[in-house]
Amino acid sequence: MIPTTALRVLRAPRIPRATATLWISVVVLLMFVIAAAGAPLLAPYSPDAVDFAAINAGPSPAHWLGTDNLGRDLLSRTMWGGRTALIGPLAVVIGSTVVGMLLGLAAGWRGGWVDSVLARLFDVLFAFPSLLIAIMAVALFGKGLVAPVIAMCIAYAPYVARLTRALVQAERTRPYVSAYRVQGFGGPWIALHRVMPNITPVVGAQSALNFGYVLAELAGLSFLGLGVQPPTPDWGAMINEAQAGIVSGAFLPAIVPAVAVVLAVVAVNIVGEEMSDRIGGEVPA
Amino acid sequence: MTTILDVRGLTLTLPDGTELLHGISLHVDAGETVGLVGESGSGKSLTARTALGLWPEGAACGGSVTVDGREVIGSSETGILAIRRTAAAMIFQDPRAGINPMRTIGDHLTETLRLVEHRSAQEARARALELLAAVQLPDPEAHLTQFPHEFSGGMLQRVMIAGALTSSPRLLVCDEPTTALDVTTQAEIIQVLASQREARGMGMLFITHDLNLAASICDRVCVMQGGEVVEQGDARQVFFSPVQAYTQRLVAATPTVDVATDPTPSPPVGERAGVGRDETQSQARPRATAPTLALDVSGVCKTYLRRGKPPVQAVRDATLRIPRGGALGVVGESGSGKSTLARVVVGLEQADAGTIRIAGAESSRAPRGRTRRLARAKSVQMVFQDPYLSLDPRIPAGRAVEDVLHLHMSLSRADARRRVLELLDAVGLGERHAQARPKTLSGGQRQRVAIARAIAIEPEVLVMDEATSALDVSVQAQVLDLVASIRAERGLTVLFISHDLGVVRRVCDETVVMRRGEIVEHGPTEQLLRDPQHAYTQLLLDSVPRTA
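Residue numbers (this note's numbering), protein chains in the order written: chain A, 1 to 285; chain B, 1001 to 1548.
In short, the hints are calculated from the structure, not lab data. A couple of the hints might just be wrong.
Unchecked claim - Short, incomplete list of chain B residues facing chain A, as computed with Cβ under 8 Å:
#, residue
1, Asp1006
2, Arg1008
3, Gly1009
4, Ser1390
5, Arg1394
6, Val1404
7, Leu1407
8, His1408
9, Arg1546
What the hints assert, rightly or not - Rough simulated footprint, nothing fancy, chain B against chain A, three-plus residues with beta-carbon under 8 Å:
#, region
10, 172–182
11, 185–197
Positions of the beta carbon are idealized from the N, C-alpha and C atoms, including for glycine.
Taking the hints into account, I'd like the entire structure generated from these sequences.
Here it is, written out as structure tokens:
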């Protein structure tokens, strides 16, 4: 009841110490972002420029990472491909976070039948793997990036919503919320203006982790030929196009985009984990 | 007499170089109780924990700490383990945090005996029964198979004491063992501790922030401040004739229920609250004076329905009246319904029956709709118990006050700012606090912000629900003074809810005592303390620790 004991002091002061892995991950991510954003300026070639003198060529001063079966520069294609590969997950993360937070806030704050209905809805959505929903969307609305992105926004929203709901329920019983009520503030105002900003960091960290999953899944979709369509450069689509070459011994066209996917996903996950760890430690006590 | 704990020149330095303890020296003899008194952050827990080798990770200790002749500082892990197993034991503030909720009381008590002393299951069980009987639990046999959640806080603390005694320690360190408990339960626990200390000839190091408690049970007392022992000596002497300025301040700030030792009555502010005196007053005064009542609660009931359990009657037929400018105290132990009453009055909960009138306006129902909500907020405001939780962690102090002003009045930004600074100034805070987030403010400062926020819209009635319980005594005294001065200046009506009779006495002219949802006694505070009528009030008063 009366916290007088010096337990706070007893906890050895945690010096925020960024590990080497974290910094490497951040640097890798920054490099991807710069390379993708600056592709028109930085890429040595146009992604579609064909060099018949070098087909399935290995690394050389002209083509640092070699070329694919049409003689296109792999470095340039990977940089351009990063644009579609990163923008898709970004859209999904933003979309699912906005939708999920609003639904979770409604469920956690109102409780009662709103909560019950939304909870059942989330349960149903959890039953479908996100990739399946994305493929269904493609089947219904045709190939491309737009349909799968919207589908995945819906598929990932329940994860965000469930976390938000739990956080809001915990927050709702805190005395500061009662204090706002006593001061005469209305429920919706407290929920949107006061409670939501307080839980956003935690939810945001969780959403950052989703970025990695979505990136891998969208790349998979493009690999299956359902997402980004050739000749638009995309990591997943590039691996798809390189399939034939593997048999004839040209590994590079598949390996380069594959490594890009793996590096990006791992880096995002490390940064996301670290973010949620740090924020998790300082959730308002 | 043998010395059980001997601390000499103890220093403790954190890895980042801050020295938390600056050369502590104290000792505990066999059969003696030594109190370690101080406010939060004074280093009293830290000092006591070193006896069991429980210092923060990476901290460097200097000086010497011996327990039963064995050195702790610089001792190996096994050496410290040996001391914990045989020589010293500790009881903590919150018994629930220190026990595995998934295991039975029997498991908890026999585990050490079987693993450390390699006793057989029967022997361990017999010893556990003996210990449970020693701490005066009613049914040791049955308790062995019960789980912690079936126990109340006081019973669980007894189990923890029994657990600490399994190793027959020479030294028992008690870290605020009764702080989380009601005053009547506290009295029982203290009695158990005292009898065990006597029977076993243990030395006891008793940490507390409560000077009254220390003075009532300790032989000697060490007063700590900022990692130093500022005064030590005979408990009565330290309490009655403190030498150091800090101790004098501490003693002065400590509320007491002793009517004889503190003859100065609380300053009468405004009219006296009239509780249950309607027999005499309603005749003396015509009905027309009724609107001068700031708060009129009559026959309020609140029952909580629980799924699968019998309903709880949190408040039963509560009736109280406070005239404008009066201050009424509501005293009771946990579960007495005093907080529920407060929540009903401010409209956070809906009463099942009865009427509430605030400044003559009907306010029985929880407010719905914007106009009603604002009207209710304007008529009654509340200061919550824990200022660490009742302020939004993200909102700076000034902004918190400003938001309320904007909600209730149409003020320009500049006007609102000016008003905020006035209000912060009124509660003793300055411009620099306006920008500060709650995290960077101390407990007392936070509670001042909460008070400024509550009086910003000049409510008729201010409800204070255990508003000073989470604060140190000296800070509590400052906040109580602040409340008194605000009352004097603004003629504010206060409903003051507390578990502490001494605190209520400093603020309120009239007091009601609640027990299990019912008001059992009411009357002028001084009279209630001097001559309690109801048996429960007497028990409550008798349980308050007093200097022997």
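A quick look at each hint next to the structure:
1. Among the interface hints, the one on Asp1006 of chain B is violated; its C-beta lies about 22 Å from the nearest C-beta in chain A, farther than the 8 Å criterion.
2. This hint is violated: Arg1008 of chain B has a C-beta 22 Å from the nearest C-beta of chain A, more than the 8 Å allowed.
3. Using the Cβ-Cβ criterion of 8 Å, the hint placing Gly1009 of chain B at the interface with chain A is not satisfied: the shortest such distance is roughly 20 Å.
4. Taking 8 Å as the C-beta contact cut-off toward chain A, the hint placing Ser1390 of chain B at the interface holds, the least distance being around 4 Å.
5. Taken as an interface hint, Arg1394 of chain B checks out: its beta carbon lies about 6 Å from the nearest beta carbon of chain A, inside 8 Å.
6. Checking Val1404 of chain B against chain A by beta carbon gives a least distance of about 5 Å; that is within 8 Å, so the hint holds.
7. For Leu1407 of chain B, the interface hint holds, the least distance from its beta-carbon to any beta-carbon of chain A being 6 Å, beneath 8 Å.
8. Below 8 Å, beta-carbon pairs count as interface contacts, and His1408 of chain B has one with chain A at about 7 Å; its hint therefore holds.
9. At its closest, the beta carbon of Arg1546 of chain B sits 20 Å from a beta carbon of chain A; the interface hint therefore is violated under the 8 Å criterion.
10. Closer than 8 Å: that is the beta-carbon criterion, and the region 172–182 of chain A has 8 residues meeting it against chain B, so the requirement of 3 holds.
11. Only when three residues or more bring their CB closer than 8 Å to a CB of chain B does the claim for the region 185–197 of chain A stand; here the count is 4, and the claim holds.
Violation of the numbered hints given earlier is confined to hints 1, 2, 3, 9; the remaining hints are satisfied by the structure.
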